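Colleague: Here are the chains, one letter per residue:
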Amino acid sequence: MTEPMVRIRGLRKRYGGREVLSGIDLDVAAGSVMCIIGPSGSGKSTLLSCINHLERIDGGRLWVGGELVGYREQNGRLYELPERQVARMRQKVGMVFQQFNLFPHMTALRNVMEAPIRVRGVTAARARQRAMELLDRVGLASKHARFPAQLSGGEQQRVAIARALAMEPQLMLFDEPTSALDPELVGEVLAAMKDLARSGMTMIVVTHELAFAREVGDELTFMDAGLVVERGHPRAVLAAPQEPRTKEFLSRVL
Amino acid sequence: MSASQGTVPAHIESTPGAERVVPLRHPWTWAASVLVLLIACGVAYSVATNPGFQWPVVAQYMFDRQILLGLSRTLELTAAAMFMGLVLGTGLAVMRLSANLLLSSISWLYIWFFRSVPVLVQLIFWYNFGALYPDITVSVPFGPVLYSASTNAVITPLTAALAGLGLAQAAYTAEVIRAGIVSVPLGQTRAAKALGMRPATIFVRIVFPQAMRVIIPPVGNEVISMVKSTSLVSVIALADLLYTAQLIYARTYETIPLLIVASAWYLIIVSLLSAGQHYLERHYRHHT
Numbered sequence: 000m001t002e003p004m005v006r007i008r009g010l011r012k013r014y015g016g017r018e019v020l021s022g023i024d025l026d027v028a029a030g031s032v033m034c035i036i037g038p039s040g041s042g043k044s045t046l047l048s049c050i051n052h053l054e055r056i057d058g059g060r061l062w063v064g065g066e067l068v069g070y071r072e073q074n075g076r077l078y079e080l081p082e083r084q085v086a087r088m089r090q091k092v093g094m095v096f097q098q099f100n101l102f103p104h105m106t107a108l109r110n111v112m113e114a115p116i117r118v119r120g121v122t123a124a125r126a127r128q129r130a131m132e133l134l135d136r137v138g139l140a141s142k143h144a145r146f147p148a149q150l151s152g153g154e155q156q157r158v159a160i161a162r163a164l165a166m167e168p169q170l171m172l173f174d175e176p177t178s179a180l181d182p183e184l185v186g187e188v189l190a191a192m193k194d195l196a197r198s199g200m201t202m203i204v205v206t207h208e209l210a211f212a213r214e215v216g217d218e219l220t221f222m223d224a225g226l227v228v229e230r231g232h233p234r235a236v237l238a239a240p241q242e243p244r245t246k247e248f249l250s251r252v253l
Numbered sequence: 000m001s002a003s004q005g006t007v008p009a010h011i012e013s014t015p016g017a018e019r020v021v022p023l024r025h026p027w028t029w030a031a032s033v034l035v036l037l038i039a040c041g042v043a044y045s046v047a048t049n050p051g052f053q054w055p056v057v058a059q060y061m062f063d064r065q066i067l068l069g070l071s072r073t074l075e076l077t078a079a080a081m082f083m084g085l086v087l088g089t090g091l092a093v094m095r096l097s098a099n100l101l102l103s104s105i106s107w108l109y110i111w112f113f114r115s116v117p118v119l120v121q122l123i124f125w126y127n128f129g130a131l132y133p134d135i136t137v138s139v140p141f142g143p144v145l146y147s148a149s150t151n152a153v154i155t156p157l158t159a160a161l162a163g164l165g166l167a168q169a170a171y172t173a174e175v176i177r178a179g180i181v182s183v184p185l186g187q188t189r190a191a192k193a194l195g196m197r198p199a200t201i202f203v204r205i206v207f208p209q210a211m212r213v214i215i216p217p218v219g220n221e222v223i224s225m226v227k228s229t230s231l232v233s234v235i236a237l238a239d240l241l242y243t244a245q246l247i248y249a250r251t252y253e254t255i256p257l258l259i260v261a262s263a264w265y266l267i268i269v270s271l272l273s274a275g276q277h278y279l280e281r282h283y284r285h286h287t
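Sequence lines, in order, name chains F and A. With numbering that gives the first Met the number 0 applied, the first sequence covers 0 to 253. With numbering that gives the first Met the number 0 applied, the second sequence covers 0 to 287.
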């Protein structure tokens with residue numbers, strides 16, 4: 000069996016005294032789309048933030064592309080890596096946030112160009128060309144000169160996707176990418192994500208869009224109270240959930 | 000609403016465009032305006048005609064070489080003290096925001112001290128530093144002496160002025176910069192980190208430019224206030240704009256006209272700086 004893109008074993012995370020992740024085991028195969036659903040506070044967004052070490056972990060192990068994330072293991076102990084080394088690892092993991100988090104002082108184009116130039120040392124001309132290609136791919140080439148505040152939520156999120164893709168990541172993390180959008184803008188973002196999934200990108204998507212999970216997802220994970228409760232093929236889990244907690248959750252959202 | 004409810008009065012319907020909307024009159028505002036205008040005219044007349052102002056003397060000294068030297072000294076001092084304040088203040092702000100308790104406490108203590116003691120007192124204190132430490136010595140602890148000099152040779156009026164103004168300014172600037180940095184949403188740092196940016200890149204490219212929007216207006220005010228604070232150095236005999244004017248009127252007894260010359264220059268500098276601040280603010284008020 001080939002090494003999964005993401006491998007998580009016994010992952011624990013506490014905030015203060017409260018444990019938000021209580022031993023997560025999860026594999027995500029390269030080229031697959033993993034959707035994570037669950038009630039708010041179940042720890043799914045925290046899990047995502049641990050995968051690119053935006054959050055420290057309090058136990059367990061986490062590998063991306065076979066590489067331990069955020070730590071160096073020696074004699075059975077984990078030593079946190081310095082931020083510049085963590086930064087190198089993060090280059091191969093793109094992330095899209097619920098609130099877009101575009102840089103408001105830069106145009107859409109500049110948002111997409113910035114990291115390739117500053118992090119990978121790409122020339123401005125090349126970064127610009129690549130950024131225009133990516134903006135074109137998400138249907139926003141004509142709006143490249145706009146600032147984030149001049150774009151709709153859906154457009155901002157598509158720029159955010161282009162921005163993450165500009166670093167040519169091996170893995171894309173989506174943290175409730177459509178939750179902050181007006182209903183009529185959700186479709187355009189999901190379409191961009193579908194396009195990305197079709198291109199073979201490995202994706203982990205925390206979402207409430209069950210239709211998206213059913214259509215695009217290769218696997219569905221249901222989380223509750225810091226644990227993976229159930230996982231399987233999206234159609235199977237959504238049509239016939241096995242665990243009572245999954246059933247209860249689905250009966251409330253469907 | 001009365002009997003005409005539901006119907007349009009005939010005279011309005013018949014002459015479209017002739018309706019008149021009468022705004023509320025403000026007779027007292029007008030009366031007050033006239034009064035203020037009269038007072039202003041009176042003051043202007045008195046200023047122009049009172050021979051005590053000695054306008055010819057003002058004109059004579061306005062571009063006097065000595066005055067212009069004092070003016071340039073004031074400008075240099077403002078720039079140097081502000082620069083010191085910004086550099087030190089940024090350091091203090093970063094320390095203040097540090098997770099390290101020792102660093103943030105030291106920064107807090109510094110800000111507390113230098114904001115609490117009046118700048119005038121600090122200036123006099125630095126000027127008399129030699130009484131406290133007759134010699135300044137830089138050495139490796141318990142090791143060889145690297146540098147040693149008499150304090151009075153090192154702390155000239157200029158260094159005392161720079162220390163007094165710059166160190167106090169750093170305390171104010173630190174708070175302004177801290178507020179600016181804190182105002183940038185955490186999501187910005189998270190997004191930048193997620194793209195693989197290093198801490199220094201994140202600060203320079205993402206956080207600082209956004210913090211500037213919050214930092215610029217108060218720092219502009221601080222610069223303007225610094226121009227005027229530099230006049231305090233006249234107490235330690237540094238030949239700035241005010242002290243130069245004082246030196247001249249001590250000799251010629253033309254006190255009022257020379258104070259007017261100094262005031263006029265302060266007015267000009269501050270007006271120019273205010274205009275500059277306006278454009279700088281507009282530059283950083285990016286499209287949000």
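FYI, nobody ran anything at the bench for these hints, they're computed from the structure. As the structure is a prediction and not an experimental result, all values here were calculated from the model. Careful: at least some of the hints might be erroneous.
[Claimed, not checked] Computed beta-carbon distance windows for the label pairs:
(1) F:Pro81 to A:Asn220: 31 to 41 angstroms
(2) A:Pro198 to F:Gly231: 47 to 57 angstroms
(3) F:Arg197 to A:Gly186: 24 to 34 angstroms
(4) A:Leu100 to F:Ala28: 19 to 29 angstroms
(5) A:Leu119 to F:Gly40: 17 to 27 angstroms
(6) A:Arg284 to F:Asp135: 46 to 56 angstroms
(7) A:Leu279 to F:Val252: 29 to 39 angstroms
(8) A:Leu100 to F:Gly58: 24 to 34 angstroms
(9) F:Gly40 to A:Leu100: 30 to 40 angstroms
(10) A:Ala199 to F:Gly15: 55 to 65 angstroms
(11) A:Pro143 to F:Arg71: 33 to 43 angstroms
(12) F:Asp57 to A:Gly186: 15 to 25 angstroms
(13) F:Gly58 to A:Tyr132: 27 to 37 angstroms
(14) F:Gly15 to A:Pro198: 22 to 32 angstroms
C-beta: ideal position from N, C-alpha, C; glycine also.
Colleague: If a hint holds in the structure, say so; if it doesn't, say that too.
Modeller: The hints, checked one at a time:
At about 39 angstroms, the CB distance of Pro81 of chain F to Asn220 of chain A agrees with the hint of 31 to 41 angstroms. Take Pro198 of chain A and Gly231 of chain F: their Cβ atoms lie about 41 angstroms apart, and the range 47 to 57 angstroms is violated. Hint check: Arg197 of chain F to Gly186 of chain A, Cβ distance near 29 angstroms, so the stated range 24 to 34 angstroms holds. Our hint of 19 to 29 angstroms for Leu100 of chain A and Ala28 of chain F is violated, since their Cβ atoms are close to 45 angstroms apart.
About 57 angstroms separates the C-beta atoms of Leu119 of chain A and Gly40 of chain F, a value inconsistent with the hinted range of 17 to 27 angstroms. Our hint of 46 to 56 angstroms for Arg284 of chain A and Asp135 of chain F is violated, since their Cβ atoms are close to 31 angstroms apart. At roughly 51 angstroms, the beta carbons of Leu279 of chain A and Val252 of chain F sit outside the given window of 29 to 39 angstroms. The hinted range of 24 to 34 angstroms is satisfied by Leu100 of chain A and Gly58 of chain F, whose Cβ atoms lie roughly 26 angstroms apart.
A hinted range of 30 to 40 angstroms holds for the C-beta pair Gly40 of chain F and Leu100 of chain A, which are about 31 angstroms apart. The hinted range of 55 to 65 angstroms is not satisfied by Ala199 of chain A and Gly15 of chain F, whose Cβ atoms lie roughly 30 angstroms apart. The given range of 33 to 43 angstroms is respected by Pro143 of chain A and Arg71 of chain F, whose C-beta atoms sit roughly 41 angstroms from each other. Range check, Asp57 of chain F to Gly186 of chain A: about 23 angstroms between beta-carbon atoms, so the 15 to 25 angstroms window is met.
Restraint check, Gly58 of chain F to Tyr132 of chain A: a C-beta distance of roughly 55 angstroms breaks the suggested window 27 to 37 angstroms. Gly15 of chain F and Pro198 of chain A have their C-beta atoms about 25 angstroms apart, which keeps the hinted 22 to 32 angstroms range intact.
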